Amino acid sequence: MNAFFKTLFGDLYNLAFVSAVVGAAALMVHFGAGKDAVYAMPAAILAGAGWFAAR
Amino acid sequence: MTDWTIFVPTFLAASVEWVEAFTIVLAVSLSIGWPRAVGAAAAALGVLAVMTVATGGALRLGVGMASLELVIGVLLLLFGARWLAKAIARSAGLKALHDEDKEFAETREALSHGDRHAAWLIAFKGVMLEGLEVWLIVVALGVKTAHPLSATAGALVALLAVVFAGAIIRAPLRRVPENAIKFVVGAMIVSFGTFWTLESMAGGIWPMGDWALPLLFAFYLAGGLATAAALRARRAREAVQ
Chain A
1 MNAFFKTLFG DLYNLAFVSA VVGAAALMVH FGAGKDAVYA MPAAILAGAG
51 WFAAR
Chain B
1001 MTDWTIFVPT FLAASVEWVE AFTIVLAVSL SIGWPRAVGA AAAALGVLAV
1051 MTVATGGALR LGVGMASLEL VIGVLLLLFG ARWLAKAIAR SAGLKALHDE
1101 DKEFAETREA LSHGDRHAAW LIAFKGVMLE GLEVWLIVVA LGVKTAHPLS
1151 ATAGALVALL AVVFAGAIIR APLRRVPENA IKFVVGAMIV SFGTFWTLES
1201 MAGGIWPMGD WALPLLFAFY LAGGLATAAA LRARRAREAV Q
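Chains A and B supply the protein sequences, listed in that same order.
Quick note: the first sequence uses the working numbering, first residue 1, plus one each step.
Quick note: the second sequence uses the working numbering, first residue 1001, plus one each step.
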């Protein structure tokens, strides 16, 4: 079961990172900064992928 | 009619996973013979097919488009961010490239301690776990775009191609450029994930509509390659010091 969840969702760091990015994007959209979110979200995802790669 | 924007990422992602599954089944076949090893693989593929039909149908039942986009978008981000990170790390030399020969040797070693039943389970579990990633992509891309046949066809054509190549070579398929494929597919998957996640929160948020997708793909691919080059340069500097 552990392998099943890890295959689908990755480890806790991955889960926490994606949750944080999606949560931040939701807040930006909610507070009227959706136009900025379309640039901020890809930048955050790429920065996160780079950090995971270097980790 | 085939939707190639769905078929291509599914085909590429599935090819990588089926090659890894084939290596495990090949190693197991040397212990318990082809019929039983193929039987284990077929059983796992059967479970995956049932899962695909069941989850594809369930996701469309009574779920609004925005909720569906959010669930699928987040799943693709969880999955794609890992693929992209792994591809960057391998390209930068921070992580070893996936080695089918090593995987084959490790599976043979594991089999030397077990019985025929354990060998069957290793083949089943190997195909099941590799196939889970294919299942996720087929369901996510197929359901969201209403092109389940294009997504399923991509996965099945990849399976047939790997089985055909494997039947001819009868050795681990080590020449598949796995990391290049993972780079491209990782960038494609995070692009779809980013697009649908934000679209679910505010419809029509993307300035250029659907044309934002190829731009996102170019951004992630170029950004990933640049990040890998920067990490490689940093590693070289650290090695000199």
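By construction, these hints were calculated from the structure, which means they are not laboratory data.
A few of these clues could be false.
Only part of the chain B face toward chain A is listed, based on derived beta-carbon distances under 10 Å [as the list claims (entries may be wrong)]:
hint, residue
1, 1090
2, 1108
3, 1116
4, 1190
5, 1227
Derived lysine-lysine pairs resembling DSSO-like cross-links, with alpha carbons at most 30 Å apart [what the hints assert, rightly or not]:
hint, chain 1, residue 1, chain 2, residue 2
6, B, 1102, B, 1086
7, A, 6, B, 1095
8, B, 1125, B, 1095
9, B, 1125, B, 1086
10, B, 1125, B, 1102
11, B, 1102, A, 6
12, B, 1125, A, 35
13, A, 35, B, 1095
No experiment lies behind these values; they were computed from the predicted model shown.
Glycine residues also receive a C-beta, built at the ideal position from the N, C-alpha and C atoms.
Exercise for the section: Output the numbers, in ascending order, of every earlier hint that fails for this structure. Expected result: 2, 3, 12, 13
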